[in-house]
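**Q** Spelled out, the chains give:
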Amino acid sequence: MSRDTIPGRNIALGTTLALVSLAVIAPLAAVVLSLNGITPEHLARAIASPDAIAAFRLTFVASLVAALIDLVLGSFVAWILVRYQFPGRPVLDALVDVPLAIPTAVTGITLATIYGGHGFLGAWLEPHGIQVAYTQIGVALALVFVGFPFVVRTVQPVLAEIPKDLEEAASSFGAGQTLTLRRVIFPLVFPAMLTGFALSLARALGEYGSVVFIAGNLPGKTEIAPLLIITRLEEYDYQGASAVATVLLIASFGMLLAINALQRRFSLARKMAT
Amino acid sequence: MSVADFDATTIAMPGAPPEHVADGARGPGLVGWIAIAVAALVVGGLIGIPLVSVFAEAFQSGLGPFAATFAEPYAQSAIRLTLLVAVCTIAFNAFFGILAGWTISKYEFPGKTILLAIIDLPLTVSPVVAGLAILMTAGAHTPLGSWLQTVGIKVAFAPPGIIAATIFVTFPYIARELIAFMQEQGRDQEESSLVLGATVWQTLWRVTLPGARLALFNGVILCGARAIGEFGAVSVISGRVRGYTETVPLHIEALYNESSFVGAFALAAALAFTTIAFTLIVNANRKSEHDRTAAS
Amino acid sequence: MSALRALAGALALAISVAPISALAEGTTLLNVSYDPTREFYSAYNSLFKEYWKKKTGVDVSINQSHGGSGAQARAVIEGLDADVVTLALAYDIDAIAQKSKLLSPDWAKRLPDESTPYTSTIVFLVRKGNPKHIKDWNDLVKPGVAVITPNPKTSGGARWNFLAAYNYGLRANHGDDGKARAYVTALFKNVPVLDSGARGATTSFTERGLGDVLLAWENEAFYAQREKPGAFDVIAPRTSILAEPPVAWIDVNVQKHDTAKLAKAYLEYLYAPEAQKLACKFGYRPRLTKILGSCGSHFAQMDLSTIRNFGGWDAAQKRFFGDGGVFDQIYQR
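Protein chains in written order, with numbering that gives the first Met the number 0: chain A, 0 to 273; chain B, 0 to 295; chain C, 0 to 332.
Read the hints as simulated data drawn from the structure, not as lab findings. Among the hints, a few may not be true.
Straight-line alpha carbon distances no greater than 30 angstroms define the calculated BS3-like cross-link-like pairs of lysine-lysine that follow [claimed, not checked]:
no., chain 1, residue 1, chain 2, residue 2
1, A, K220, C, K227
2, A, K220, C, K188
3, C, K98, C, K255
Build the full structure now, drawing on both the sequences and the hints.
**A** So this is what it looks like as structure tokens:
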């Protein structure tokens, strides 16, 4: 153990660990521990019944689709923001942060209203046969909304840091725009895109407030996994709720590890780019 | 320990947009303008329309019904409860944030990476799971919960549970700001202060914290914005008794479900306005910090 | 510095919020009720406050909590600080008594009519014009008919719905349990969604346009008609069940809050003529036959069984709605 230049390590570290245990570890452990003694039939009913499987499938698939859409749209918008000056650019830039800033319940009721049958956009879409509210499309849309800033704000700084000389060097070697884009810029920005995608996905998996108003919540069709937890709680099936929650926690941990690994690689790539 | 090490081991959250100089010499060109238009359409349609709608719906019946929402007793008790929860949450998380920032930046110990990862954990946990976690820890059916009830503290269906759940969800916000800042600062100032005869406490109060004021402020603002808007976790733990355990987001949900749309959106607009203002303040702070350090 | 200020602020706010949560003065009641009673208790609370002010000169305030009856009962067991509970069926209050010992097990005898100041029944709510021609229980199992009912695990109304349906199954098949079971199984195959409470189910049907027929409390059906005049028809099947929602004060809590007298008076006043008339206005069948006679013309004449036909709530709950009971067996979730 190295000699500390500043005293008080043990108290500081001890208290820090105690608070982290109290605030984070203990509650999460309580969820998993509450599964103690659950019968296999109960567990099966909780996470493998048709409704549960449908809820997991909806949550995972919709989150994946939304994160992919965010990846494409977010990277594109980040590119535009970095590349060009144009009137209104600060407004566009500020708007990107909005989904992160506003409370999820506000997002939820607003999207449900706009895309509902009588809403500003819904009234326009539904006669064309596109129903957004109370469908899986609505779920994905809400997730696209909340995940959008994660991609933009992760990609933007990296794009901004790519030195102009890199592109100029490439073009002086005769490389056209597309080739430069593909071979020079894209590899540098790809880790950031991947990280942004992972962040967006992680957020989407656990999202509740933004989705629950527009989703419809029909078991077997438009019920997301977090809502399934609440339904089980309302039936006072605590262990069933914990079982679903544990599945989501495992997914969360997986995402956390993935994001950490990506960012480790990401910072290495950044170091190599400059 | 440098900032780069920090980046590699925690989740980097989207921060303020970097200030950069786009290429002004070459104009966008035709393709460029079309691309800009598409981007504007995407952002405008995806984000702009909902943002405008919040306020449009809130004011659709005019200023009177909008203002009347806030005069309503249940709305007022929801606002009071939300403020109470936010203040308690910020107090706890600020205390922890200062402690964690100090511990991680001033000392060496094994497992720092793991500690940072655990602190970040609440960011990836679904808020509903967070609420469930509090219920499973201290609900009335648990040993801890029953004991707490004998000394008169009710966690589930009462403000303490809401506060605990909100603390969980917002736990990393202040800590991250302070850890990043203090790690960048290093230990030199503190070590000098100790050499000059100050105690650790004096060093903390007089040397470290004053310098970290901005980081602390940003963290508090972000934590507060998140805390007042928390919905999923509170939905699980709250019990939703009007006038008792309804926070503003829950009250918004209640109004919406009983089709009181003006009321729901009035409160929603107030919340959105507050949290967006907070975000803009933090962004401005970060930008000016960035400009300051870039210039020096 | 800022941390201390924050703590001081928290303390100040805690003190200002305290009146909301402190019931020590004895002039605030929390009424934990089932889902559809929002409007009725809102009106009744005003009526009672006036009456109490006139009688004692004291201003009281009454807070309401609403949700599925089963869910509410469990919330009270979990520690929701109810002074009185006004739930959908006797079993839910019995559960509170058994599981938490918060009130006396013979609570039902403390007020007239087994502590049920009003009754109701189960009817059908359909779209205007009854496009699917739903006249009676057998129409509910026709293919292409979507039936909306809440979740029996959480909602009291849903359990009355279930028993009313099962009752029909028995009647139509000379008491054959197997055939009755087959009937409810077919019925629940036509159910697309289970809301947690009766009001949620009503909203699904009336606001979100789900389903062709809503199985509802009679009072809830009238509520829907009031909210959207001309949009629905109420169909009374020939047979149904007499739903008896009971009320009780929670002994331990009213001792704690010093509201024993107030809570008792609050519940007793439900039997007074003015309150009975109010209940009738909101679609509940009053116990006072005089009031029922004068205002009850909108209540259909039906052949009503009671919970006693099922051997009482204890038996019925275990048999049908307990873990692994009939509902669990027939409704594959």
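**Q** Confirm or reject each hint.
**A** Hint-by-hint comparison with the structure:
At roughly 28 angstroms between alpha-carbon atoms, K220 of chain A and K227 of chain C fall within 30 angstroms of each other, so this suggested pair holds. Distance restraint check for K220 of chain A and K188 of chain C: the Cα-Cα separation of roughly 15 angstroms lies within the 30 angstroms cut-off, and the hinted pair is therefore satisfied. Restraint check: the Cα-Cα separation between K98 of chain C and K255 of chain C comes to about 19 angstroms, which is no more than 30 angstroms; the hinted pair holds.
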